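Once you have looked at the hints, place chain Z on chain U.
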Amino acid sequence: GQQLNQSPQSMFIQEGEDVSMNCTSSSIFNTWLWYKQDPGEGPVLLIALYKAGELTSNGRLTAQFGITRKDSFLNISASIPSDVGIYFCAGAPSGGYQKVTFGTGTKLQVIP
Amino acid sequence: DAGVTQSPTHLIKTRGQHVTLRCSPISGHKSVSWYQQVLGQGPQFIFQYYEKEERGRGNFPDRFSARQFPNYSSELNVNALLLGDSALYLCASSLGLAETQYFGPGTRLLVL
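The listed protein sequences derive, respectively, from chains U and Z. Note that my numbering has the first sequence beginning at 1135, numbered continuously upward. Note that my numbering has the second sequence beginning at 1484, numbered continuously upward.
With the rest of the complex left out, here is chain U (with noise of 0.2 Å):
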């Protein structure tokens, strides 16, 4: 099945750095989640984007929704030990959560 393109695909980071990850799609979508999931666990919602070109942050966090619908951008400030995890993008062509493609997928280690 379809997933979209983030990267990158992996990265290792020292504590207090900042991080950027992205991803793109081939299609527009109308809504733009960010989600981190923890090894054995589901994954947990960061940050929701519902209009192109907004910015929001949540936090540390700060996630833009492309202007062309077609990518995000997620930047954590200033990371911490507990911001390791698999971060995913997810699209949705509707407003809401219907139909919801993921990412493949961006592993962030902070080293201490």
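These aren't lab readings, by the way, just hints derived from the structure by calculation. Quantities reported herein were computed from a predicted structural model and do not represent experimental measurements. Don't take each hint at face value.
Using 30 Å as the maximum straight-line C-alpha spacing, the simulated DSS-like pairs for lysine-lysine come out as follows [claimed, not checked]:
#1 Lys-1204(U) to Lys-1185(U)
#2 Lys-1241(U) to Lys-1204(U)
#3 Lys-1170(U) to Lys-1241(U)
#4 Lys-1185(U) to Lys-1233(U)
#5 Lys-1513(Z) to Lys-1185(U)
#6 Lys-1535(Z) to Lys-1513(Z)
#7 Lys-1204(U) to Lys-1170(U)
#8 Lys-1233(U) to Lys-1170(U)
#9 Lys-1170(U) to Lys-1185(U)
#10 Lys-1535(Z) to Lys-1233(U)
#11 Lys-1233(U) to Lys-1513(Z)
#12 Lys-1535(Z) to Lys-1241(U)
#13 Lys-1496(Z) to Lys-1204(U)
#14 Lys-1204(U) to Lys-1233(U)
#15 Lys-1185(U) to Lys-1241(U)
#16 Lys-1535(Z) to Lys-1170(U)
#17 Lys-1496(Z) to Lys-1535(Z)
Selected chain Z positions facing chain U (in silico; Cβ < 8 Å) [said to hold, decoys possible]:
#18 Arg-1538
#19 Pro-1544
#20 Phe-1552
#21 Pro-1553
#22 Asn-1554
#23 Ser-1556
#24 Leu-1580
#25 Ala-1581
#26 Glu-1582
#27 Gln-1584
No residue lacks a Cβ here, since even glycine has one placed at the ideal position from N, Cα and C.
Relative to chain U, chain Z alone:
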């Protein structure tokens, strides 16, 4: 309040067998979605149910079926299991079709 619960947590089956996975949504949630997450990939959308009716179907064969009960709990059934069906099966619930989805911890299925 209890989150989304899924049972069983782990399951081992052999090729050709049938499996039934169960999901209880968060109290008050009327929509349930099912996702398959193969190791190393993002979740893939299988089905979405709302008010006991199928409202979306992903690109999965007819061996996969689901239903939602009057109490909004849901079952995912997979017939004639293949080795490639080995995955984490995630259930997500939401108040409605356009509301935030909350994921359960998943059922890990291994097909031998």
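How the hints compare with the structure:
1. Lys-1204(U) to Lys-1185(U): Roughly 12 Å between the alpha carbons, so the hint for Lys-1204(U) and Lys-1185(U) holds.
2. Lys-1241(U) to Lys-1204(U): OK: Lys-1241(U) and Lys-1204(U) at ~22 Å, within 30 Å.
3. Lys-1170(U) to Lys-1241(U): Distance ~10 Å between Lys-1170(U) and Lys-1241(U) Cα, so the pair holds.
4. Lys-1185(U) to Lys-1233(U): holds, 18 Å
5. Lys-1513(Z) to Lys-1185(U): holds, 26 Å
6. Lys-1535(Z) to Lys-1513(Z): Cα-Cα ~8 Å, so holds.
7. Lys-1204(U) to Lys-1170(U): holds, 20 Å
8. Lys-1233(U) to Lys-1170(U): holds, 19 Å
9. Lys-1170(U) to Lys-1185(U): holds, 21 Å
10. Lys-1535(Z) to Lys-1233(U): Distance of about 17 Å is within 30 Å: holds.
11. Lys-1233(U) to Lys-1513(Z): Cα-Cα ~16 Å, so holds.
12. Lys-1535(Z) to Lys-1241(U): violated, 36 Å
13. Lys-1496(Z) to Lys-1204(U): violated, 40 Å
14. Lys-1204(U) to Lys-1233(U): This hinted pair holds, its Cα atoms lying about 16 Å apart.
15. Lys-1185(U) to Lys-1241(U): OK: Lys-1185(U) and Lys-1241(U) at ~27 Å, within 30 Å.
16. Lys-1535(Z) to Lys-1170(U): OK: Lys-1535(Z) and Lys-1170(U) at ~29 Å, within 30 Å.
17. Lys-1496(Z) to Lys-1535(Z): Holds. Lys-1496(Z) to Lys-1535(Z) sits at ~28 Å (cutoff 30 Å).
18. Arg-1538: holds, 7 Å
19. Pro-1544: violated, 12 Å
20. Phe-1552: Result: violated, 21 Å to nearest chain U Cβ.
21. Pro-1553: violated, 22 Å
22. Asn-1554: Result: violated, 21 Å to nearest chain U Cβ.
23. Ser-1556: Cβ of Ser-1556(Z) sits 17 Å from chain U, so the hint is violated.
24. Leu-1580: holds, 6 Å
25. Ala-1581: holds, 3 Å
26. Glu-1582: Holds. Min distance 7 Å.
27. Gln-1584: holds, 5 Å
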